[in-house]
Amino acid sequence: MAQRLRTDAVPDELPEEQPGNGGGAGTRPRAVNDVPTRLDRVFAGITTTAGLTVLTLLTLVGIFLFLRSREAFDTVGWSFFTTFEWRIDSTPAVFGVVGLAVGTVLVAIIAVTIAIPLGVCAALFISDYATGRVRGFLVGLVDLLAAIPSLLFGLWGLLLLSSQIVPLSAWLGRHLRWFPPFRVAADAGLDNSMFIAGIVVSLMVLPIIAAVTREVFSQTPPNEKEAALALGGTKWGMIRMVVLPYGRGGIIGGSMLGLGRALGETIAVSLLLPQVPKVTGRILENGGATVSGFIVRRFGGGELNTSALMAAGLVLFGMTLVTNMLASVIISRSRSGVGVEV
Amino acid sequence: MVAALAPAAEPTAGPAPPARRRPREFTAVDYGTIGGSALSALTLTWLIFARLTDGVGWLGFLVVAYVAFLVLFGLVTADRIGVLAAKDRLATVTITSGAMLLLAPLLWLVGYVLVKGLPGLRPSFFTHDMRGVTPTMPASAGGGLHAIIGSLQQVGLALLITVPLAVSTAVFLNETRSRLRRPVRIVVDAMSGMPSVVAGLFIYATFVIPYGGQIDLFGFNGFMAALALSMIMLPTITRTVEVVLRLVPDGLREASLSLGASRARTVWSVVLPTARSGVTTAVVLGIARAVGETAPLLFTAFGYQLINSNPFANPQESLPLFVFRSITQPQQSMIDRGFTGALVLMLVVLGLFALARFIGRDRTRSRRRTGQAPAMPTGADIFEALPGPGAPVSVAQKGS
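So the sequences go chain by chain: A and B. Going left to right, the first sequence walks through residues 1 to 342 as my numbering numbers them. Going left to right, the second sequence walks through residues 1 to 400 as my numbering numbers them.
In short, the hints are calculated from the structure, not lab data.
Capping the alpha-carbon separation at 30 angstroms, the derived lysine-lysine pairs in DSS-like fashion look like this: (1) B/K87 / A/K225; (2) A/K235 / A/K225; (3) B/K87 / A/K235.
Listing some non-contacts, in silico: residues in chain A with all C-beta distances to chain B over 10 angstroms: (4) T113; (5) D187; (6) P245; (7) N286; (8) R335.
Backbone N, C-alpha and C define an ideal beta-carbon position, used for all residues, glycine too.
Chain A on its own, in the form it takes in the complex (with noise of 0.2 angstroms):
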C-alpha cells in the first residue's frame, strides 16, 4: 500500500523483483525510474537478514533436537513411538514417547472442551452483546489471563485448586462409573489427576480461544446480522444463523490453536501431575505425564536420559507445530480468513 503513488507504472515494463508495480489497471501512464538508493539497499539487507534469521530458527531447533536425540534412537530405534514405558537405567534401556504422549494429548482435551464453550460465549459477549465500557473491560480481562505466568497457575492449582476438586472428583467417580474415563479404582487418589490439570490448563488455553474467537465473530458481515434482525429472528436466532456458521473456521482454528498450547503447556503441569508415564483413560485418578511436564521432571542425569528426553522434546515440538499450522490454515482458508492477506 505504501506504494500506490508509484504505482501507476505499466506493469510489463518494470522488471519483476522491482516493487511499485501493479495497480493502474486501464491507464497508460508514466513509467517510474524506481532504483533504489545504496541506503534502501542496506535496509532491504537488513530487513531481510532479520527474516531470515527468524526463518532459520525454526529450522535449527528442529535440527537440534534431532541431532542430540541421536543416541536416544540409537539405543531403541523405531520402538520410541511404541513403547509406554520409561525405564532408562534399566539394561537394557527401554523407554518410549506414547505413555507420555497419551497423557499430554488427554490433558489436552480435558482442557479444550472445558475452554472452548466458556470462550465461545465470553468470545460472543464481546462481540454482540458488550458495549462500550465492558467490551473494553473484558477484551483486557482476557488478555490479562493470558499475561499470568503459567506458574502461577501452576502453584494456585496445585496448592488450593486441586483440594478443591478433589470432593467433585470422587462424586463423578462414584455416580457415573458407567462413563468409562470416569472410573476410578477404591484406593486411588484423587489430587494429581489429569482432570485437575486439565482444569487448569483450560484457564491458560481460554484466552486465545476467547481471542480468535472474537476476532472472527466481529468480521461478520454487518449486513448479513441486520438482515437476520430485520427477518425478525431473535438475537440469538440471529447468532444461530449468522454469527455462528460465519465464525466456524475461526472457532475451529482457535480451538486448535488452544490445543496446541495446551500440548506444549509445562510448568503448571509439571507440579500438578505425579509424571510417572502410563496409558489410562481413568482421567479422575491420581497418575499421568505429559511429555513437557516430564522433561521437566527428569531434566538432569546421564548422557543418554538427555539424550531420550530430547527426543520426546522433538515429539512435542513436532506435534505441537502440526497442531498450530493446521489451525492457521484453517483460519485462513475459512470464510472469515477471506480477503486476509496471507
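We have chain A; now place chain B onto it with these hints.
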C-alpha cells in the same frame, strides 16, 4: 431507541396504541424470573446433594446449581412468553454469565497469591539472598534479591537481542515486498506456538551440551537464559509490532515517499516514530510474557542460591525459578518464601500489563484533546486490533 422513535406515553385521541413489544429488553419480570430460578436451583441442588445423595463439594454444587438454574429459567420463560423468546433469553443469560465466569478464576488466583504472599513481603526480601538460610529457619530469613537481579539481567539481555530483530522482522513483513514474507510470517506464527520448554531444550542442545564444559559463556548462565527467553519473546513482539505497523496510515508513507524520501528514510523517520507508542506497548507485553517463563530457565540459567551478578558465567537464579524451587520444597517456610516471590512476580506482570495499557491510553487522550490529525495508532487501537495473545497474525485485520 425504539422508545425515542415512538413514545408510547404520548396522549392520543382515539384508541390507545397497542403496547410496544420490545423482545430484547429485560423487564422487571425477567429479573424476577432470574432471581426465582436461581433461588429454586440452589434449593433444588441442596436437596439433591444434601438429602438424596452424598456431598459433591462446593465447586460441584455450584456447577450443578448453575445448570439447574439455566434449565429452570428456560422452562419458566418458555411457559411465560413462548419458546422462541425463551431461547433468546436463555442464550443471553448463558453467554453473559459465561463471560462473567472469566472473572472468577482470575480474581481467585490473584487474591490467593496476594493473601498468601503478603505476610512475607517485607523490605528484607529485596535486600537479601539465601546466604546461610537453612530449611529450618523461618520464612522471614533470607530473601529473593538474587532472583530479582537474575531476572532483571536475563530479561534485559533478552530485550537487547530481541527488540532489534523483532522490529526489523516486523518491518520486513509489513514494509517490504519480498517474496519471503509469506514463509517468514508462517514461521513467526509457528514459533509463537512453540512450547517454551522446547526453546530451553534448543539452547541447551545447541550451546550447553557441546561447549558448556569448556567455555563459561556457554555453560549454565544468565546469558543462555536470555537466549532462550528471546526465542519466546521474538514471535510475541514481532507479531504485535507488525499489527502496529499495519495501523500506520498509508497517507503518511505516501506523503513521505512523494516528498522524495527513500523507503528506508520513510520507515525510519515516519513509520517507526508514528508507531512508537505501539512498539513500546509491544515490547512491554513481550517483557511481561518473558518474565514469568520458568521452563526454559531450568535448562539454561539453572538456578543458584546466592547472588551472581555476572550473567555470562555460572548458574544464576531468576524469580520464576526461585518460586518453582521454593514451592516444591516440603518445608512450610520455603513455601511461604515461594509465595512472596510469586506475589512479587505477579505484581511485576500486572504492573507491566497496566503499563502497556497506560502507554496507549494516555496517548489517545492527549491527542484527542489537542485534536491533531491524522489519527495515529495508539495502544488502545492496538488492543482492539490485536489478534489476541498468540493468535496468528493472519487473523488480524487491517485497522480502521
